[in-house]
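Trainee: The hints should help you fit chain B onto chain A, whose structure is shown.
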Amino acid sequence: GDSVTQMEGPVTLSEEAFLTINCTYTATGYPSLFWYVQYPGEGLQLLLKATKADDKGSNKGFEATYRKETTSFHLEKGSVQVSDSAVYFCALTSGGGADGLTFGKGTHLIIQP
Amino acid sequence: DAGITQSPRHKVTETGTPVTLRCHQTENHRYMYWYRQDPGHGLRLIHYSYGVKDTDKGEVSDGYSVSRSKTEDFLLTLESATSSQTSVYFCAISESPANGYTFGSGTRLTVV
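Chains as they are written, first to last, in the working numbering: chain A, 1303 to 1415; chain B, 870 to 981.
Bound conformation, chain A alone:
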């Protein structure tokens, strides 16, 4: 079945540092890939997505590129802020997505001033 693997953390960085959170996946066919973010006490918010190979999703300074050859969708940001502290989830859906998203276990990111 489908699966997503990501580092769990916590990942602690200083403000303005470069961020990479790795995500690799196993899926049948051609999945759509997502990054969701969860702030403390809240639900998940869609951060960015990519629906086909070589697509780059971007939002709020975050980027991720759909790499079919390495089955990866790593999240990057050039300069993190304290407000980026949250839990980040990589997820995929295949076969059209109607039967649910498959999530990684989440990466807790802590940004120190």
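Hints were generated in silico from the structure; no laboratory data involved.
There could be a bad hint or two in this list.
Computed footprint of chain A on chain B, listed as stretches where at least three residues anywhere in the stretch have a Cβ under 8 Å from a Cβ of chain A [as the list claims (entries may be wrong)]:
# : region
1 : 883–893
2 : 908–917
Taking lysine-lysine pairs in the DSSO-like style, the calculated list, with each CA pair at most 27 Å apart, reads [said to hold, decoys possible]:
# : chain 1 : residue 1 : chain 2 : residue 2
3 : B       : 926       : A       : 1407
4 : A       : 1370      : A       : 1407
5 : B       : 922       : B       : 939
6 : A       : 1407      : B       : 880
7 : A       : 1379      : A       : 1354
8 : B       : 880       : B       : 926
Because the structure is a prediction, the values reported are computed rather than measured.
Positions of the beta carbon are idealized from the N, C-alpha and C atoms, including for glycine.
Mentor: Chain B in isolation, oriented as in the chain A frame:
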């Protein structure tokens, strides 16, 4: 999130009692989902619906049932709550699943 509401937000219940969680949407989206979130497990799919009266099981459906009698409401029922069902439950909706889902704010359920 705008357009999707979960109730209650918090609930404490005793082992063996029935519990129903409600997800209400105003977006008229076809697809609705129930997930549970637990430390070390991420989010796991419980049940989902692809239309009124059309539901199917997810990865962790044992001990749960669902109903969808109208487009806007998707109910999750724990027939006899157990301590292992202590969790945070999230509802999600989508009109085009390949383009992502919108999540509610969650229900924190504690079974004592």
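Trainee: Would you mind marking each hint as holding or not holding in the structure?
Mentor: Okay, the hints, checked on the actual structure:
no.: 1; hint: 883–893; verdict: violated (count 0)
no.: 2; hint: 908–917; verdict: holds (count 7)
no.: 3; hint: B:926 to A:1407; verdict: holds, 21 Å
no.: 4; hint: A:1370 to A:1407; verdict: holds, 21 Å
no.: 5; hint: B:922 to B:939; verdict: holds, 8 Å
no.: 6; hint: A:1407 to B:880; verdict: holds, 25 Å
no.: 7; hint: A:1379 to A:1354; verdict: holds, 21 Å
no.: 8; hint: B:880 to B:926; verdict: holds, 24 Å
When each numbered hint is compared with the structure, a violation occurs for hint 1 only.
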